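**Student:** Chains X and U are the protein sequences, given in the same order. Under our numbering, read the first sequence as residues 2 to 343, first letter to last. Under our numbering, read the second sequence as residues 2 to 343, first letter to last.
In short, the hints are calculated from the structure, not lab data. Some hints here could point you the wrong way.
Pairs involving identical chains hold if they fit within one copy or between any two copies, as the list cannot separate such chains.
[As the list claims (entries may be wrong)] Derived DSSO-like pairs: lysine-lysine, alpha-carbon spacing no greater than 30 angstroms straight-line:
id	residue 1	residue 2
1	Lys213	Lys61
2	Lys244	Lys213
3	Lys313	Lys273
4	Lys15	Lys245
5	Lys336	Lys131
6	Lys15	Lys336
7	Lys61	Lys244
8	Lys244	Lys15
9	Lys245	Lys61
10	Lys245	Lys33
Quantities reported herein were computed from a predicted structural model and do not represent experimental measurements.
Each chain is listed here by its residues.
Protein chains: 2
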Amino acid sequence: MIIDCHGHYTTAPKALEDWRSAQIAGIADASKRLPPSQLKISDDELRESIEGNQLRQMKKRGIDLTIFSPRASFMAHHIGDYAVSAEWASICNELCYRVSTLFPDNFIGAAMLPQSPGVDPKTCIAELDKCVEDYGFVGINLNPDPSGGHWTSPPLTDRYWYPIYERMVALDIPAMVHVSTSCNPCFHTTGAHYINADTTAFMQLIEGDLFKDFPTLRFIIPHGGGAAPYHWGRYRGLAQALKKPPLREHLLNNVFFDTCVYHQPGIDLLMKVVPTRNILFASEMIGAVRGVDPETGHNFDDTRRYVEATDKLTAEGRRDVFEGNARRVFPRLDKALKARGR
Amino acid sequence: MIIDCHGHYTTAPKALEDWRSAQIAGIADASKRLPPSQLKISDDELRESIEGNQLRQMKKRGIDLTIFSPRASFMAHHIGDYAVSAEWASICNELCYRVSTLFPDNFIGAAMLPQSPGVDPKTCIAELDKCVEDYGFVGINLNPDPSGGHWTSPPLTDRYWYPIYERMVALDIPAMVHVSTSCNPCFHTTGAHYINADTTAFMQLIEGDLFKDFPTLRFIIPHGGGAAPYHWGRYRGLAQALKKPPLREHLLNNVFFDTCVYHQPGIDLLMKVVPTRNILFASEMIGAVRGVDPETGHNFDDTRRYVEATDKLTAEGRRDVFEGNARRVFPRLDKALKARGR
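Isolated chain X (complex conformation) (with noise of 0.2 angstroms):
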């Protein structure tokens, strides 16, 4: 089978934005505040905006699963204090488990966190354990910025983070390491602050010995790891001058990419460069590049076809990048597919 480890509900229903646009508002005017019980979306309009998106292309794509987490550039984590991301967190995550229980064979859910700036992350762990034991997420979707492009968190690699870090090992569940939109104007959202976020990500992580606090813990850098392969050579080196053991050592038990690269010559690097156990199918489609390369006449984030193209994986490779490697990253995941028999 092929699971994409990266989707967001990008194509909700309007009513979810008019809440949130209510939420936002309600911050400087109590006045325009809507209580969550006044989103009313149906199940109906729930199916439409998948069967129509998502899983029309994954069906014309060959994904069989999504792992399926709300939409990445409207968590917007700089926005109000702590109270409004955690509302917020709560309506996305639910309409995403109300897609997973819609759509069981397609979708399963991974979690956004109610992150806010210079908030202590351990409020975070009460709505994980949620998505995880209630909604039976298989992972979480985390912020290392979430103030929007201004990077006044410390680095993943600082003890602040550790709350999560513990619950993450407890239930045995990955982080796929994903800021949301910019409010620097500096920064285009998907096409620098995401970018420079999973480089800095990786960056972080050579320079600290996290894994050595937390053996097992795991992440996911998405968007092919940023700058990483492109410049592997460059963190091999730096590695080694930070006298750290070599990446594979250092981070490759613990650190993962997809392959959300959106054209053949970056598939093939990446996969030439990073060993294949790394590497995990993702397409974040119908997400930041939904147009159609003229020079393939295909959509740039149907990454299925460069996977299948290229001439860096064998054969048993490239089950493992579209299926095994998710099903040994994502724990949860695979239990949950084995007690449906897949």
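Fit chain U to the supplied structure of chain X, relying on the hints for placement.
**Tutor:** Chain U only, in chain X's frame:
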């Protein structure tokens, strides 16, 4: 001949660093300041700092000429105010100029600018003019983030920067877009901030229409263009979504990448994806990554090896990358070389 378009004076005599330390101490305590005249570095000291380092490596690697600018990480435009930056830039540029007169066959200068966060870029023009007109420098380094990792300046497409662009066009010199040291603990200087800045600058240029206003303005994005070539499909797709012309038309008459990518697969990707005419040979040698790659037995930053070894270049294309493109992008370099019969 082989021209390295990206070299910094990373090996300047220790007296320079000592003077800078006194300058920085003098910001808080004026009694600690030293006038620039107190900095004494002899020609012999300059010769020694170059002959045993950059020049030795250049001879070993067969590099004829390096475009040489002050040490990037030491520019540190975030320290002090404009007066501090002006004094420091003047000293650092003068040293590069002296190196270029001591080794006129091997080094030619590029200027650092006396940028300071929040200060009008037109304050940089006097130093820029002096470097080009009096010192014979052929380019400048432009820091898109003089705050050192807080990204408080407007994007490069903003009119804020136009005074510098107007002068660049008048003098017919290009700028390398190069940040300095990061004082944001999230960003490792050479592993995250440099690469992120490259990616960020490229995306800023996609978002804007700067080259409509300045059709002959030229930027070199160093470190192989950050993440841009690896994510070339993403950037083509984002340009398309933003209703911009194709990248070739939108940017590639004005934007160039260097070859500071420290492994063979990275250089191969760069050469495959980016038109040859947009790639300038460079190594940033004795810079960010100084070690020997245990996988090859050669220095990570010995980029000539990768450019020689790639099968993505024709013989003519290789000559363009090594020489022709630099002569075209740096017309004052071409003129200086021709004046010496080269």
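**Student:** Please go over all the hints and tell whether each is borne out by the structure.
**Tutor:** Quick rundown of the hints versus the structure:
1. For the homomeric pair Lys213 and Lys61, neither the shortest alpha-carbon distance inside one copy (43 angstroms) nor that between copies (41 angstroms) is at most 30 angstroms.
2. For a Cα distance limit of 30 angstroms, the shortest separation of Lys244 from Lys213 inside one copy, 15 angstroms, qualifies, whereas the shortest one across copies, 47 angstroms, does not.
3. For the homomeric pair Lys313 and Lys273, the shortest alpha-carbon distances inside one copy (6 angstroms) and between copies (16 angstroms) are both at most 30 angstroms.
4. Proximity of Lys15 to Lys245 under the C-alpha cut-off of 30 angstroms is restricted to the inter-copy arrangement: shortest distance 28 angstroms between copies versus 49 angstroms within a copy.
5. When the C-alpha separation of Lys336 and Lys131 is checked against a cutoff of 30 angstroms, the pair qualifies only within one copy, where the shortest distance is 18 angstroms, while the shortest distance between copies is 69 angstroms.
6. Taking CA atoms no more than 30 angstroms apart as the test, Lys15 paired with Lys336 passes in neither setting, with 34 angstroms inside one copy and 61 angstroms between copies.
7. With identical chains, the CA atoms of Lys61 and Lys244 are at most 30 angstroms apart between copies only, with a shortest distance of 27 angstroms across copies and 48 angstroms within one.
8. In this assembly of identical chains, Lys244 and Lys15 lie within 30 angstroms of each other by CA distance solely across copies; the values are 25 angstroms between and 51 angstroms within a copy.
9. In this assembly of identical chains, the alpha carbons of Lys245 and Lys61 lie at most 30 angstroms apart only when taken from different copies (29 angstroms versus 45 angstroms within one copy).
10. With identical chains, the CA atoms of Lys245 and Lys33 are never at most 30 angstroms apart, being 53 angstroms at best within one copy and 38 angstroms at best between copies.
In this structure, the hints that do not hold are numbers 1, 6, 10, in rising order.
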